[in-house]
Amino acid sequence: QSFGCDDYLGSDKVIDKCGICGGDNTACKVVSGVFKHTLTNLGYHKIVEIPEGATKINITEMSKSNNYLALRSRSGRSIINGNWAIDRPGRYEGGGTMFTYKRPNEISSTAGESFLADGPTNEVLDVYMIHQQPNPGIHYEYIIPGDNVISPQLLAHRRPGEHLNGQLGMTESTNQEDEDLPRETDTLTGQSAGTFPVIQPGRFPSHQPENQVPAMQPPRQNREHNWKQIGKTECTTTCGKGSQYPVFHCVNRITHEEVSDSYCDSSTKPIPEEEPCNLFPCPAFWDIGEWSECSKTCGLGMQHRQILCRQIYANRTLTVQQYRCHHLEKPETTSTCQLKICSEWQIRTEWTSCSVPCGVGQRTRDVKCVSNLGDVVDDEECNMKLRPNDIENCDMGPCAKSWFLTEWSDRCSAECGDGVRTRSVVCMTNHVSSLPLEGCGNNRPSETTPCSNGPCAGKVEWFAGSWTQCSTECGSGTQQREVICVRKSEGNFDVLNPYECSYLEKPPSQQSCYLKPCGSKWFHTEWSTCSKSCEGGFRVREVRCLSDDMTASTQCDPQLKPEEKETCNTQDCIPEIDENCKDKYYNCNVVVQARLCVYSYYKTACCASCTRVANRQTGFLGHR
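The working numbering applies: residue 5 is where the sequence shown begins, and numbers increase by one.
Possibly wrong hints are sitting among the right ones.
Unchecked claim - The calculated label-pair distances, taken between Cβ atoms and stated as ranges, are:
id, residue 1, residue 2, range
1, SER604, GLY540, 28 to 36 Å
2, LEU332, SER270, 30 to 38 Å
3, ASP382, CYS517, 51 to 59 Å
4, GLY303, LEU332, 32 to 40 Å
5, ASN256, VAL128, 54 to 62 Å
Keep in mind that the hints were calculated from the coordinates and are not lab data. Glycine included, each C-beta is placed from N, C-alpha and C at the ideal position.
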């Protein structure tokens, strides 16, 4: 059967992540996170605080950068990368534990820096980042004990009967028994339990379970042999304070001859204790840092590295004054570098001919950016300041101007009688057209020449006059012209009746015209009928702003908007005089006062008076 972590035969107990033998991972707390803050100022920035008692510490950059991690105690003592000095990767002691500082290769690896330590820490430590470029993110993780964890350090210093974290301590007699036990060694790390918070249930108080079978004791050995120190182990370092241990072998007491260790009692074998050795400091040396990235992506650039004078003592590498390294040749801190040959400009073609045969024109050539492999790449790969010109002006001398003529037209302008033939005449140079006439002189060649298709023998045809002006200044309008039937004779025309030309197709006498778009304009309907025939009424019309395509628009000038309402028939109302409408009685005014005009008899007998009253009432209602 195998031993458990409690050293009992047949036990299946193991150490959990909290370092507790037989624990259930609940006696500690895992603290982890990622520092992703955006930093602006260069220099040291605090990332996280590692508390006292922390174990399994892991501080790692999430990707490679030009930043550095730094570690400092709360008392202000620098442990790694302090005071703007960058330490080499290695092991550094601080806070009661040993930190492993890793910095992957700058060229072949993309991983970032890291601190690793088993712990536990015996003081608060602060982790910093030396910020030089954008933060890629820092992952941190450590384990701290829970509220009810009893560390071996506390157990070693407790007083009899003292309470620890709310738990009753052991009795004095039990504690005394524990003090005689040798210090336990952690099965995971090989470190003394005094430097790692491993709680081992069953050790306090020390007793065996009732069902435990006592182990067989070996037979007592002959006292003819005993343990003797025959030497020491080799010092762990050649300088700067190392350590070594005494070596004990079993020897014959009389002859001092070495024999097998089985002849001696193993329980009496002395425990080797560490002894310091080679205490003198190591010679100082130049600590050479990694080369920085090349200052240029192509062509000749510069790269730098840090050179520090260092000295090792007590397993720690310290930065010392440079005069201590004067016996050594100091390595170069700067060096030239070239990642690749820069791309260069190449002129692929000769200049083209000038774009004009005379005067000032332009000519071009093909200029490309070519890599060192001969491939054409983007212009940004080459130095734009050194780019050769691919276009320039060229002067072919002054241009001579002359008259350019077309051939005479084939048709004569008249089907019979005298007419003309035409041609185009323009003053041009021999490379551009439509230049002004200056330079060609005033002797312009003629554009017309007479022609004749023979005398006209009474030919009848339609004759069309010139078109009139367009009926509108903008938008769609119409043009008119006069079309008459004539007979041509020598030197004159005779006007005939239109039916004489009826067998010929008559040219149109009207056509549509469009000078320019009007834009938006006001349109309105006709006025409505006046609301009254006299004494002032009103009439209305609808007004709209329409664009050229007859759709509603808001672009019309409001000041030019036609009126939508106006007064009309403002003259007084004059009753029509009927000769047959007269009063037949002298007292018709009494009929009016008695309001008897509503009866047809009185309306006829007193026609004039009743009509006057009716007109007055109509006018009164109209004014209301």
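A quick look at each hint next to the structure:
1. About 33 Å separates the C-beta atoms of SER604 and GLY540, a value consistent with the hinted range of 28 to 36 Å.
2. With their beta carbons about 50 Å apart, LEU332 and SER270 fall outside the hinted range of 30 to 38 Å.
3. Checked against the hint of 51 to 59 Å, the pair ASP382 and CYS517 passes, with Cβ atoms roughly 57 Å apart.
4. For the hinted restraint 32 to 40 Å between GLY303 and LEU332, the CB-CB distance of approximately 34 Å keeps it satisfied.
5. In this structure, ASN256 and VAL128 meet the distance hint of 54 to 62 Å, their C-beta atoms being roughly 56 Å apart.
The structure is inconsistent with hint 2 alone, although it conforms to all the rest.
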